[in-house]
Amino acid sequence: MTATAVRTRGAHERAARRVQWTRGVRLVVLLAFVLIFLTPVYVLLVTSFKPLTEADPSRAWALPETWTFEPWRVAWEKLAPGIWNSVLLTVPGALISAALGSMNGYVLSKWRFPGADIVFTLFLFGMFIPYQGVMIPLVQLLVNLNEITGLNGVFYGGIPGLVLAHVVYGIPICTLIFRNYYVTIPDEVIEAARVDGATMLRTYRSIMLPLSGPAFAVVIIWQFTALWNDFLFAVFLTGPQSWPTTVMLNNIAGAQTVPYSQQMAAALLASVPTMIVYVLLGRFFMRGLMAGSLKG
Amino acid sequence: MLVSPSIVAIAVFVYGMLGWNFRLAMTDKHDEVSEGSFVGLENFTGIWDQQRWSLSVNHAIVFTVVFVGGALALGWLLAFLMEKGLRGEGTLRAIYLFPMAISFVATGVVWRWLMNSGIGERAVGLNRLFEVVGLESLQWQWFRDQDWGMAAMAIPAIWQMSGYVMALFLAGFRGVPDDLREAARVDGCTEWQVYRHVVLPLLRPVTLSALIILGHISLKAFDLIVAVSGKQIITDVPAVFMWVAVFDSHDPAKGATIAAYIVIAVSIFVIPYLVWSLRKERRS
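If you read the protein sequences in the order shown, they are chains A and B.
Going by this note's numbering, the first sequence opens with residue 6, and the numbers climb by one from there.
Going by this note's numbering, the second sequence opens with residue 2, and the numbers climb by one from there.
Treat the hints with caution; some may be incorrect.
From the structure, some residues in chain A lie toward chain B, with a derived Cβ separation under 8 Å [to be verified]:
no. : residue
1   : Leu32
2   : Val112
3   : Leu127
4   : Phe130
5   : Gly138
6   : Ile176
7   : Glu193
8   : Val194
9   : Leu237
10  : Pro245
11  : Ala272
12  : Leu286
13  : Phe290
14  : Met291
Now the in silico label distances, taken between C-beta atoms and shown as ranges [unchecked claim]:
no. : chain 1 : residue 1 : chain 2 : residue 2 : range
15  : A       : Trp72     : B       : Thr46     : 15 to 25 Å
16  : B       : Gln233    : A       : Ala121    : 42 to 52 Å
17  : B       : Glu282    : A       : Leu285    : 31 to 41 Å
Covered stretches of chain B, going by a simulated chain A footprint (3 or more residues, C-beta under 8 Å) [what the hints assert, rightly or not]:
no. : stretch
18  : 39-49
19  : 225-233
If you are wondering where the hints come from, they were derived from the structure by calculation, not from laboratory data.
Everything numeric in this text was worked out from a predicted model, so none of it was measured.
Backbone N, C-alpha and C fix where the C-beta goes; we use that ideal spot for every residue, glycine too.
Throw the hints in and build the complete structure from the sequences for me.
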């Protein structure tokens with residue numbers, strides 16, 4: 006009897022020790038990856054505060070001997086017009102996308118018309134298409150719009166054209182996020198309103214919208230990040246006057262004459278807005294990511 | 002109807018423009034002024050005679066294999082290590098995921114420095130780090146390497162996307178009901194057997210999602226490559242080649258042909274997946 010008890014206790018202790026040991030190993034490996042993941046951040050920060058006199062390759066990984074804000078000042082001067090353009094692009098773009106996504110999601114989840122599933126799937130394909138496949142016609146259309154309206158540099162080569170592109174190609178993902186959110190709201194709520202004689206629009210305004218806060222947060226954050234970080238549409242559709250941050254950053258970084266310290270300060274500056282959003286509202290950002298995987 | 006403007010927009014801007022692009026790809030409009038007449042699939046076959054095209058296709062394949070494989074493996078490993086829960090898990094997750102919030106253009110700046118091809122005296126970046134720790138033999142040309150340059154190019158992409166794969170897998174792991182594992186343990190399964198026969202099969206849908214998402218991102222890779230190496234032929238891929246065809250060669254038909262090939266490659270991945278998800282949703 007006692008012998009068995011001792012034996013089991015011994016086995017338990019061994020098992021407990023093993024659990025502790027594997028937990029230790031797991032933690033060490035995970036922390037090693039933290040170091041690897043943060044290495045580029047270290048390089049960006051350290052280099053961006055280095056004066057030109059310390060640009061020698063031998064000091065590549067060292068901390069600056071004298072810290073200077075000079076690269077940041079120069080980078081800000083060069084990047085500021087792009088940052089302003091990005092603000093003009095992302096704020097209306099994200100808001101319009103959210104409004105459209107909300108209406109679409111509402112109809113597709115609660116007022117299932119015949120063929121709603123097919124429409125939804127056709128929308129989803131729009132989420133995955135490589136935008137290269139529509140780029141040349143899109144450029145042509147925006148050029149034509151410039152000519153027809155006589156507004157030179159507004160549609161093609163201007164922020165409004167870029168907003169239009171992002172809003173249209175953002176419809177699928179925004180619709181998907183809202184639809185998946187609205188599916189979780191019980192149909193009875195809608196039914197009750199319908200029985201009371203509320204129209205589709207009224208039900209949307211008085212019942213759905215007040216419940217939509219979290220989905221709006223997810224979509225606005227998602228679109229803000231996507232629009233701020235976009236390079237492909239920007240490089241095809243904008244001109245020097247309307248270049249957003251990413252294009253300007255690429256021009257700064259692509260020039261051989263710009264020292265690394267300024268390039269890295271500019272890269273950090275360009276990332277500040279999305280990083281702030283990520284740190285403060287990461288929860289909503291994550292939900293958008295998961296929606297993108299069709300998992301709901 | 003509230004959705005009709007969006008339906009019209011998607012019909013015109015997605016399907017209309019895809020069609021327009023395919024039509025353009027079947028013309029001989031090789032400059033910006035000519036009208037272009039129908040030439041069938043001539044552009045689609047002719048492009049294979051261009052060395053730069055076959056090179057860019059090869060590059061895209063190497064990039065895709067290394068990137069998708071690497072991000073899947075690393076993302077899975079991180080999720081596997083975190084699966085049972087740890088103190089500070091939230092912080093770890095936030096760190097692995099933060100690159101997702103930054104543009105490829107911004108991260109390209111630092112990766113171009115890290116993967117600088119200078120060696121010896123002129124080495125910066127990782128080559129310098131290798132020298133500092135006494136591993137000079139590891140120094141190489143990174144993305145400028147003739148054969149494996151595109152594998153190096155996949156490293157920043159893996160860094161950027163594996164946190165996302167981790168999040169997907171973590172959700173997958175957590176979705177496995179505890180009683181299922183417990184039942185298997187009671188039946189005398191070792192932890193490894195539980196993993197192999199209970200957890201792994203349930204992770205298949207997540208793996209498929211991750212594969213599709215990574216695959217389609219990889220086939221249209223553009224920002225990162227432009228940010229790290231510009232338009233150099235050594236790292237050319239179809240998306241960059243298309244950009245060059247439109248802006249430098251001013252050849253709309255060629256640009257449209259390349260774009261059409263990218264669309265076809267992505268569709269091969271995505272259409273079966275969408276059909277599969279739709280069916281699965283209908284069933285549930």
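How the hints compare with the structure:
1. Leu32: holds, 7 Å
2. Val112: holds, 5 Å
3. Leu127: holds, 7 Å
4. Phe130: Phe130/A check passes; min Cβ-Cβ to chain B is 6 Å, inside 8 Å.
5. Gly138: Holds. Min distance 4 Å.
6. Ile176: holds, 5 Å
7. Glu193: violated, 20 Å
8. Val194: violated, 18 Å
9. Leu237: holds, 6 Å
10. Pro245: violated, 14 Å
11. Ala272: holds, 4 Å
12. Leu286: violated, 10 Å
13. Phe290: Holds. Min distance 7 Å.
14. Met291: holds, 7 Å
15. Trp72/A - Thr46/B: 15 to 25 Å: violated, 59 Å
16. Gln233/B - Ala121/A: 42 to 52 Å: holds, 47 Å
17. Glu282/B - Leu285/A: 31 to 41 Å: holds, 33 Å
18. 39-49: violated (count 0)
19. 225-233: Held - the stretch 225-233 of chain B has 3 residues with a Cβ nearer than 8 Å to chain A, which meets the minimum of three.
Comparing the model with each earlier hint shows violations of hints 7, 8, 10, 12, 15 and 18; every other hint is respected.
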